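With chain A held as given, fit chain B onto it using these hints.
Number of protein chains: 2
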Amino acid sequence: MNTRTLCALGGALLVGGTLPALADEGLWTFDQPPLARLDERYRFRPTPQWLDRLRLAAVDFRGASASFVSPAGLVLTNHHVGSSCIQKLSSAQRDLMKNGYLAPRREDELRCPDTELKVLHSSSDVTGAIQAAGARAQDAETANRERKTAIAETEKRCEADTKLRCSVVTLYHGAMYHLYRYHAWTDVRLVFAPEMEVAFFGGDPDNFVFPRFDLDIALFRVYEQGQPVRPRSYLKLARQGVKEDELVFAAGHPHSTDRLFTVAELDTQREVDYPLHLASARRQQRLLHGFGQQSPEATRRAAQVLFGTENWLKAMLGEFKTLRDPLFQQAKRSEEAKFRELATAKGNSEDPWAVLATASAKHRAKAKEFWAVDYGYRTLLKAAGEIVEIAHESALPEGDRLSAYRSAELPRLKRRLEADYPIYKDLEISRQAGYWQEARDLLGDAHPFVKTVLAGKTPREAASDRITVSRIDRADERRRLLAGGLAAIESSQDPLIQLARAIYPLRRALAKYQEVEIETPSKKASQALGRLRFDVFGRELPPDATSSLRLSYGVVKGYESEGTLVPWKTNFAGLFARHDAFDGKPPFTLPANWLGARGKLKSDTPFNFASTIDIIGGNSGSPVVNREGEWVGVIFDGNLEGLGNRFGYTETAARSLAVDSRAIVEALEVVYRAKALTAEIRGE
Amino acid sequence: MNTRTLCALGGALLVGGTLPALADEGLWTFDQPPLARLDERYRFRPTPQWLDRLRLAAVDFRGASASFVSPAGLVLTNHHVGSSCIQKLSSAQRDLMKNGYLAPRREDELRCPDTELKVLHSSSDVTGAIQAAGARAQDAETANRERKTAIAETEKRCEADTKLRCSVVTLYHGAMYHLYRYHAWTDVRLVFAPEMEVAFFGGDPDNFVFPRFDLDIALFRVYEQGQPVRPRSYLKLARQGVKEDELVFAAGHPHSTDRLFTVAELDTQREVDYPLHLASARRQQRLLHGFGQQSPEATRRAAQVLFGTENWLKAMLGEFKTLRDPLFQQAKRSEEAKFRELATAKGNSEDPWAVLATASAKHRAKAKEFWAVDYGYRTLLKAAGEIVEIAHESALPEGDRLSAYRSAELPRLKRRLEADYPIYKDLEISRQAGYWQEARDLLGDAHPFVKTVLAGKTPREAASDRITVSRIDRADERRRLLAGGLAAIESSQDPLIQLARAIYPLRRALAKYQEVEIETPSKKASQALGRLRFDVFGRELPPDATSSLRLSYGVVKGYESEGTLVPWKTNFAGLFARHDAFDGKPPFTLPANWLGARGKLKSDTPFNFASTIDIIGGNSGSPVVNREGEWVGVIFDGNLEGLGNRFGYTETAARSLAVDSRAIVEALEVVYRAKALTAEIRGE
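Those protein sequence lines, which keep their order, are chains A and B. Number 684 marks the last residue of the first sequence (the numbering used here); no jumps. Number 684 marks the last residue of the second sequence (the numbering used here); no jumps.
In short, the hints are calculated from the structure, not lab data. None of these values were measured; they are calculated from a predicted model. Be aware that one or more of the hints could be misleading.
The list treats identical chains as interchangeable, and a pair is accepted whether it falls inside one copy or across any two copies.
As the list claims (entries may be wrong) - Each computed BS3-like pair below joins lysine-lysine, with the alpha-carbon atoms no more than 30 Å apart:
1. K600 to K675
2. K88 to K675
3. K414 to K88
4. K321 to K557
5. K585 to K602
6. K382 to K425
7. K362 to K382
8. K338 to K98
9. K366 to K512
10. K600 to K585
11. K243 to K585
12. K414 to K243
Chain A extracted, bound-state conformation (with noise of 0.2 Å):
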């Protein structure tokens, strides 16, 4: 039986403002380590060394995370994370995503077309300046903008002064304000990767499962003026592996967590956002399958956005577990009350809540356009969407600007667009006709919107209409577009470019409501309860993750589920074991390297192992570490139980899954040969 509790969760609440000391819950800025939880719990204090070294080796990748392993710029990740540079550097002949790589030798190492990488370089707190931005406006709205402004100057003026990529973090929903200062490189190659078969064996069947078999890793080096960059610092290989009930950590990016939403606002999630989001994640699952099943090019076409619809799926069902869960709910239910008693004792005398269930209010009513009422995700026509508001927002003050259009971003967002990758035409036109149909279910056909991208079309026709004849899916079109600016958007021909232009307007007048009627209140209420947590609860909480480099912890252990034991660990012997228990039959196949490989391989090789680290989406790529700081695995998921995570962290069941050091080393070994890499791994 899953006896699941919420055991930290409602802890800090429940016993009324005292630390759960025995939860390994959070997130954690690296500016303010839970140095106090480590020492009580495992009597560890990490030294600002300790804590440095790690950072300064944690990467991110693309949102999602990384670390350096080698004083020669390699980088370790997952497969998963690494695919979106391995899909795009494949083609029909040489198709990477199935068949692997290694680079023989380092000018075979093969260069991402628009993969950056970033360290945190640094850090400070700019809470004063910027909430003194908002504090002089009159109404929400304009405080809102003020603060927009000086984010915006504030990343400006830091980039001018220190060449580095700089980025405002807001934390504890706007209770503070920390200024972030990375280092970025853009020369980032492939030095290996495994098989698909075997980075992602058990395929979505697996997936958030354990016990699980995946070598789910790549790596990468970082090149800077043609040269293997020496990064500030890296992590060694630890020579003994992890065990049992050790104590480890990880540095990642997870993207985002909610576990100070409110009542009012899950119920609006499990309600309305999850059972809309689920709908739409699959019909575009059918929807790929069907494409995939044309040939066995269509399939590879479709494997990675399949890949990540069937995660987000995946993942979004085990959210939505955790959110129909009455225990769950009676625990957030409890805490709320309990929260805002302890509140008032305090003297407040706000109701933020109430604030919020006016905003969720607000959500559910436009819910289905919000979602609906968009270019498609990372489809040819978004890519028209963000040419277009590239140049109508950058035209705009910092303040007015929707927000993924600040300054800052603009750099990132343009080398994305500007890079050179296969677009296939046939897959394009079968998910845009998918959104487009999905939007007329969700709108009817008499909405603006509907009309405005079907103009009387079925969804079909009007996607393969425009894009047959599109040019955005070519590189230089999209750089001619991009120097242009307005002049060039506004005279183009391109139906894409057309219909972005059209869409832009509904979806800006969405996207400001959005702001001021829902998020701009919704903000200064959840900004106003982190004040309160702090008041009631004290400074060392953890904040929600905000997709900014964060720092957790917990111990290797297994766990019971379902009536019966999970181990901490796997091993070899359990991967062929699985496969032969499928007689191989897909997702269980093994490529051919790896059978042939069996009676050389170490069978009790421990593969991939849980923790109670506490992780969530972007937290994929994570290095883990002992108390030396030495790397012990790579975080690549975390279990079904650990999906409710993202609203409540809990220790039961929920764990992290990482790849073992030593099951990675013995593969490149034994089943690749990769004996260079092996020895720089290793430091020799």
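Relative to chain A, chain B alone:
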């Protein structure tokens, strides 16, 4: 996600009277096999010869299942079915449970103290005679007595005429009665038992779980007049093992299902009985764990009853999960509403549902007394109680007896009481004290039962004082009392016999209340429902299980569970992988001979496999046969999802689990080097 649906459950009903053609549901009698269903779904029509061969090879092993697998009387069953014998043959010096046993020669085969095996020789329909006996009566209570008398007379006459063991089996809740005639043997000897560690690898955590890795088998031999019996039929080993999707059959003795329960009855189970029984099982589990912690010898003594308790507890947890499943409840409510509607349309004017609701309410009111006012489960006091009750009840006319004491049942019961095996008084005292503490908690100190058993002492004192001086643990004393009848009982100074004499009237009054007020009207109403079912849905409907021989069928198949895929089979590689993943800690320890044979065993040998065969408790040990009637495995468990089978069969994720014949042969050859035995099984 577990998307279990109750596909078959309401199937027959919700489609308005046609057969649920796509479900492998049913625990069928050999008189009325599901020929049309098998033909429709699998294009397979077993011949009468095929059915006879299987029936005559199927063995009733003390209420569980087994089969003849050689012409020299070799019987295959589960280790956990044979363990009552194995435990009784064990001692602190020779622990056959822990160390296993392989008889080097025939003369080393060890006779079980009290094991009786039976084979169903023939059967005939006696519905007319039994129902006619009831029909002459004025009221329900008299009718019940008349039927009981008719059943006992029929059995006695049959035994006198045929010299076989005879038993009237109630089918469809009394809508049908069959007379079953059995060959019975009492000279049963242990040939082979593996070590508990591999028979029950994974222990309680892996119980009712798949993937699974258990050699849960034991081999016995039946003797007659000192010579191995030559059975009328035995099963040949399949030359090919099973394949995925293959049609397979099981013949066994499922104890009981409650698939025809009304909503009122299910509500009572969910709200009253399961919570009561679960609490009791947990209490006993804690007690036995505590007992075992005293010493390794205490652990050994408590092992078998602890296994039984944990097995019962986990089974109830699975069943309770189904009872609480909103989907299940909804399906049952719809089914009942539809059935009532169809029955009314057919002209039915009775309301058996109301009768059952009234009976349920009476049960609720006395549920705690029904549960607690007893001697205990297989305790020494229970033996004393049975000795007292045999003396009293056998003096009564058949129709007035408690049904456990009708003539046909007495020989088996007496044989068990007369058998000689070790009884551990320290364990007896702990368990009996536990029962009495529970009775006190449930009924209160003022209850006559509690007053009687405690007599002012603590449960521990009361149990210790009586058990310490009792001589009922000696087989000769039990035999003397059984032979001496009422006179011996009345004059006995044994404190357990004296106590049993005091408990007997309390227990009998409750049993009679239960019979007259609840069972009799319920039976009549259930019988009416059974007839209505025939009227509405026709005759090819599976009856509920009632511990008699049944045929069930299904296909070898994996399933989806908790978001991932479960393969249809496991293998030896998986056994060692799981052992390693837990570093061989209990309950994932393996015996030295298995670890030594690791390199020699064929690692992809199918070990355990899953199928959709409909089973329930009592099916343990059932042979699994293919279309040729050859054995391919032996049922030993169901998965957690399958425990809901008690209340309604499903195919989505409910699975029966079997040990594969290939693993049995491979293990006997490679690990145990049992050449003569494998040759005998192979028919060489």
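Here is what the structure says about each hint:
no. : hint         : result
1   : K600 to K675 : within (16 Å within a copy, 32 Å between copies)
2   : K88 to K675  : within (27 Å within a copy, 60 Å between copies)
3   : K414 to K88  : within (17 Å within a copy, 79 Å between copies)
4   : K321 to K557 : both (23 Å within a copy, 27 Å between copies)
5   : K585 to K602 : both (24 Å within a copy, 20 Å between copies)
6   : K382 to K425 : within (14 Å within a copy, 79 Å between copies)
7   : K362 to K382 : within (26 Å within a copy, 68 Å between copies)
8   : K338 to K98  : neither (53 Å within a copy, 54 Å between copies)
9   : K366 to K512 : within (13 Å within a copy, 66 Å between copies)
10  : K600 to K585 : both (23 Å within a copy, 26 Å between copies)
11  : K243 to K585 : between (33 Å within a copy, 14 Å between copies)
12  : K414 to K243 : neither (45 Å within a copy, 56 Å between copies)
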